[in-house]
Amino acid sequence: MTLTLDVLGTRILAGGRLSGPEALWLYREAPTLWLGRMADAVRRRKHPEGVVTYIIDRNVNYTNVCTARCNFCAFYRTVGHREGYVLGFDEIHRKIDETIALGGNQLLLQGGHNPDLPIDWYEDLFRGVKAKFPDFKLHALSPPEILHISRTAKLPVPEVVGRLVGAGLDSVPGGGAEILVDRVRKLLNCYGKASSDEWLDVMREVHRAGLRTTATMMYGTVETDDERLEHMLRLRALQDETGGFTAFITWSYQPEHTERGGEEATGVDYLRTLAIARLVLDNFDNLQASWVTQGGKVGQLSLAFGANDMGSVMIEENVVRAAGAAYCMDEFEVVRNIENAGFAASRRTMHYEQLGTPVFRQRDVPRMVELATAREDGDDSVPAELVNYQARSAAGKRQRGQAPPSPVA
Amino acid sequence: MSVDAESPIPEAVAAQVRAGQRLSADVVAHLATLSDILALGALADDCRRARHGARTTFVRVHAFDVDTMDRWQPAPAAAREMRLTGQPSSLDHALQAVRAARALSGGRVVRGFALEDLAVLGGRDGLRALVAAGLHDAAYVSPGPAAAALVAEGRHVGLGVRVIGATRVAADRTAWLLDARALADAVSGLVAVAPLPRVPDRLTPTTGFDDVRTVALARIALEHVPTIQVDWGRYGPKLAQVALTVGADDLDGVEAADDTSKGPRRAPLEDVRRNIAAAALVPVERDARFERLDA
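Line order of the protein sequences matches chains A and B. Note that our numbering has the first sequence beginning at 7, numbered continuously upward. Note that our numbering has the second sequence beginning at 1085, numbered continuously upward.
Keep in mind the hints are simulated off the structure, nothing from the lab. Since the model is a prediction, treat every value here as computed from it, not as a measurement. It is possible that some hints are incorrect.
Once the Cα atoms are required to be at most 25 Å apart in a straight line, the calculated SDA-like pairs of lysine to any residue come out as [to be verified]:
{"hint": "1", "chain 1": "A", "residue 1": "Lys52", "chain 2": "B", "residue 2": "Ser1091"}
{"hint": "2", "chain 1": "A", "residue 1": "Lys52", "chain 2": "B", "residue 2": "Glu1090"}
{"hint": "3", "chain 1": "A", "residue 1": "Lys52", "chain 2": "B", "residue 2": "Val1241"}
{"hint": "4", "chain 1": "A", "residue 1": "Lys52", "chain 2": "B", "residue 2": "Ser1119"}
If the Cβ cut is set under 10 Å, some of the chain B residues that face chain A in the computed set are [said to hold, decoys possible]:
{"hint": "5", "residue": "Ala1116"}
{"hint": "6", "residue": "Asp1120"}
{"hint": "7", "residue": "Thr1288"}
{"hint": "8", "residue": "Thr1329"}
Glycine included, each C-beta is placed from N, C-alpha and C at the ideal position.
Just need the whole structure built from these sequences, with the hints factored in.
Put into structure tokens, the structure is as follows:
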């Protein structure tokens, strides 16, 4: 059958599903504004109430020490690096206090694959947070981190997930997906941290455990158009199976200070990718705008290209900032952009339950002109509690004063 | 079924726009209220393509900020235009800046300042002195009751004016566009409109929706002005590129220094070409007089 905009547009507007080849044809050939208007029509069908949501949470990276060495990442430091850090439990509690003061209800907690953090460190962290902040949510540990814990603990993923949920894990962010095509993952040096199947399998296990997760896609490195579509189709298939994804978030690779280098994909590329995602991911309710990588203006324009959520106020961000993006929007600015686009704004939970009017309209909240970072410059302190956890690396053992491994007799 | 069936723009209005006919002020005001900016953008894109096809011009500019004269450097060879920016505090300040820019220009065109800012410094004699010092064009003139007379005054002493622009965000953007249209009616030779303000409101910056709506409406409402500009340097690659899909056809303010420190593909010239091409458009460099350099 000859593909035409009219034929596919009719099917999309009627709620029909696009095949892979059809989606690829649209992605390559459809005018940008046509794609946007189709995506907007689907967004309106799914969210006819005209509300755009956002969450007040804090994007905390508990460690930057990582053995994965993805070549697109500017955030990680190798084991033993002088700039490597692990946040202390008290530091994380303080960040939660600050988040609650700004009306936040959740931490997005992710970090590097640090070999010196055993599973009981994560369990103790989660239990400590839940003991002190019982209603506060932990949206934590992307699939590659869960896989890393599984590997270092020599425990199967379902058992790791069970233990983390038992300690207080509420939901899992969809980080580390990059592009779910192994050819791409090998070129990005992220195949080792999780293959495409492994990433999806972890998500499957998390969904089976009753938790909801998000899904992400980082594009603009070495992948082809059809590999971006393959990524979306794999997510769609898993969502058909489990229904566990709450939202999809895509963003462009940020090249500053990375080993890979190169240039960033354009704003139009972002809007086209977001729009085709809205059309392909017909079983996802929510699409987030990535203002943190695209800036406030294109972030807001996302709301015309299929997004129904402005993502997070974030409060703190470290990873894309390391790669050159340093945009900031506080709650006031997020709401101003939502309302300027003709929508009503509502705070939400990770499960997209609406929480109502903005916090700044209920009480005075300080304006935020830049996002916080994990630590102040020059802070190289080592949390005291780390000595209670057995390090695996020689550098970690030295730092914690732990005995080196006994020589083999 | 087409998405056009869902367009909030009446078909009669769309047909009028596509035929290059003038919209009434009431219709322009109505279009300005639409939240469906993509319908507006698509209509503006039709107009832009009818006039320019896929061709998108850009100009490499070397800027001289009047507040940092002690740090000025000679203009790079690639610069097609010298641009004096900022607001001079006096006629002497403006003359000093023009002479200094002229000395560093290598004989290339020197444009600069808002015409209305220059006119208040010294009237017709002041404008004549600036022309004698080496200023070829005012960078732009803002629309308003006195604008047509100011352009005539400038031209009388040899100062060119080609662009209608906005220094700051207009309280009523629709009224601004209609004033710009009236100015282009009254004065010939105004070939471009730059509808986005040069000086952002730092407390309440315009949003992406505001900017897209303004660019699209400029294309639709100013049917007799060939060029709708967006400033690449001020608005950044992402917004400027999106603007090209909703009616803009020219990128002003592309950095002239071809900095390759971030790799050849991220040098300004390559970056602007890449962004234009990625919007399915064809980049064409132009000079300060809006002459295409591929001709």
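#### Entry: When the least beta-carbon distance from B/Ala1116 to chain A is tested against 10 Å, hint result
violated (13 Å)
### Task
Verify the interface restraint on B/Thr1329: the C-beta must sit less than 10 Å from at least one C-beta of chain A.
It holds, given that the least Cβ distance between B/Thr1329 and chain A is near 5 Å, below 10 Å.
### Query
Against chain A, is B/Thr1288 within 10 Å by beta-carbon distance?
holds (8 Å)
### Query
Would the pair A/Lys52 and B/Ser1119 pass a check requiring their Cα atoms to be no farther apart than 25 Å?
holds (18 Å)
#### Entry: Proposed proximity, B/Val1241 with A/Lys52 (alpha carbon, max 25 Å)
Roughly 62 Å between the alpha carbons, so the hint for A/Lys52 and B/Val1241 is violated.
### Message
Need the status of pair A/Lys52, B/Glu1090: alpha-carbon distance at most 25 Å?
### Response
holds (17 Å)
### Message
Quick check on the hint: B/Asp1120 CB to chain A CB, less than 10 Å?
### Response
It holds, given that the least Cβ distance between B/Asp1120 and chain A is near 8 Å, below 10 Å.
### Query
Is the Cα-Cα distance between A/Lys52 and B/Ser1091 25 Å or less?
holds (19 Å)
Of the numbered hints given earlier, the model fails hints 3, 5; all others are met.
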